[in-house]
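Trainee: Chains as they are written, first to last, in the working numbering: chain A, -2 to 136; chain B, -2 to 136; chain C, -2 to 136; chain D, -2 to 136.
Everything labelled a hint here was simulated from the structure, so no lab data went into it.
Being a predicted model, the structure only gives us computed values, none of them experimental.
Among the clues, some could well be false.
[Claimed, not checked] To spell it out: a stretch of chain A is covered by chain B in this simulated footprint if at least three of its residues, at any positions, have a beta carbon under 8 Å from a beta carbon of chain B; those stretches are: (1) 37 to 45; (2) 49 to 60; (3) 65 to 78; (4) 87 to 94.
Even glycine gets a Cβ: it sits at the ideal position worked out from N, Cα and C.
There are 4 protein chains.
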Amino acid sequence: MDDYSRDELGEFFKRDLFAAKNGIEIVKIGPGRAEARMNVTGEHLNAVGTAHGGALFSLADFAFAMAANSGGQVTVAINVSISYFKAVSSGILTASAREVSGGGRIASYTVEIRDEADDLVALFQGMAYRKREMLKDLI
Amino acid sequence: MDDYSRDELGEFFKRDLFAAKNGIEIVKIGPGRAEARMNVTGEHLNAVGTAHGGALFSLADFAFAMAANSGGQVTVAINVSISYFKAVSSGILTASAREVSGGGRIASYTVEIRDEADDLVALFQGMAYRKREMLKDLI
Amino acid sequence: MDDYSRDELGEFFKRDLFAAKNGIEIVKIGPGRAEARMNVTGEHLNAVGTAHGGALFSLADFAFAMAANSGGQVTVAINVSISYFKAVSSGILTASAREVSGGGRIASYTVEIRDEADDLVALFQGMAYRKREMLKDLI
Amino acid sequence: MDDYSRDELGEFFKRDLFAAKNGIEIVKIGPGRAEARMNVTGEHLNAVGTAHGGALFSLADFAFAMAANSGGQVTVAINVSISYFKAVSSGILTASAREVSGGGRIASYTVEIRDEADDLVALFQGMAYRKREMLKDLI
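Take these sequences, add in the hints, and give me the full structure.
Mentor: Structural data, given as structure tokens:
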């Protein structure tokens, strides 16, 4: 897996303002794969004091989006299923996305979120639809 | 459906720092039901300029959490499936959660996200697990 | 909702050999809607003596397929999420499918399975992809 | 992974009448893992002539049930998400289930269905709830 995080694909995804605002960072992007990272702080917590389901989802979704668009074709999420296994309230979480099926108009990705102990925090399964436009047409 | 948004349940959910940071507000909370709202601004957008899947998910998840915890028992998400139907880049979105099944340890909620034209933007189906603690024990 | 079950759409779906073998019957088909029925007998049970998750899924999936194809365009399932609420071991189950979003290439349907007491047994959320062919081209 | 298919766990799952009726067979069962197999014939087909979504689901669900119950504790499905990647109309399909998270009351399993060319036909993600009873109490 090549590290494309400093090239134009990485530059493109730095335009994601929602990810940036929530402290979600690109680790690396490769063909059909991507990793993102989030340091869980007070502002990611819900009312019961654990990382908000939406924060975990957003981290995984960002890795999913980068992996799904890594070929340069605009690809948008149509459905996601996420399962939560471990509550966390601090520490660095890493989301790793990989393509499960990608040949046609519909593509599918699995994203694992793991904590610093390498425990599985959440499992995310995303389906996406490839549009005809290319990312470079949007810039 | 009673409007409990100013009472202690509403107060409890105002402790959700992730929701607050992302402009997600309580509309109302009732037994097995809740509504939340988000005004989509630049900071909710992804790299292609539409509302981030994570922002939409977080809005729905907040309504889900309020509905699931509306009985006062601590109830945590275990699995969610979300489908996206319409891309949005501005305007007020409202998420309405209602209980589909809730008698036992496992409860299930449907959340609809609609825009100002009342179009369905996303449909969220959440399963949750009721713990033995009560929310008041956490305060 | 019109009852098209005796017309050509109903005839088309009677070709579903898997449904027929498992005692799954058409109740009615209308635009974006359909109902199917199954009388739970010994042959639908799993090893613990309750209706097999696959039998419940197959019932809902048949209603989903009829609703999704009710416009005459070949539409195939790409993703389904199903939640189970009540174990059953006998009686008639009815699956009612309705379109949630249907305008484009991707369409979405909700299917409820209810028992004779009208209790919700399972909730099924299906996404489908519309192909260019028409059902009549397949006959 | 041990092959327990001839021992009492295998005997227990041979009681699954729905699986038997639909030609779904046990390949092997081990701790947190199981494999099942189905030879796709005419009776597994839907109205458009491909393997019915319900037949594919049932195959995966049977492997899921065996893996989830492999520890001897009664474990029931609460939610499943399935994605379909390749239409098939004949040949032997194999479903391989493995535990993703299993320590507590809620456990999660991934099941892959592959055809004879080892292509991924469907991906199944199942959540289950562990009851207090043991399988041997049911016999």
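Trainee: Does each hint hold? Answer for all of them.
Mentor: Now the hints, each set against the structure:
1. For the segment 37 to 45 of chain A, the stated coverage by chain B is satisfied: 7 residues place a CB nearer than 8 Å to a CB of that chain, which reaches the threshold of 3.
2. Only residues whose C-beta sits within less than 8 Å of a C-beta in chain B count toward coverage, and the segment 49 to 60 of chain A has 9 of them, enough to reach three; the restraint holds.
3. Only when three residues or more bring their CB closer than 8 Å to a CB of chain B does the claim for the segment 65 to 78 of chain A stand; here the count is 7, and the claim holds.
4. Coverage of the segment 87 to 94 of chain A by chain B is violated in this model, with 0 residues showing a Cβ closer than 8 Å to a Cβ of that chain against a need of three.
Violation of the numbered hints given earlier is confined to hint 4; every other hint is satisfied by the structure.
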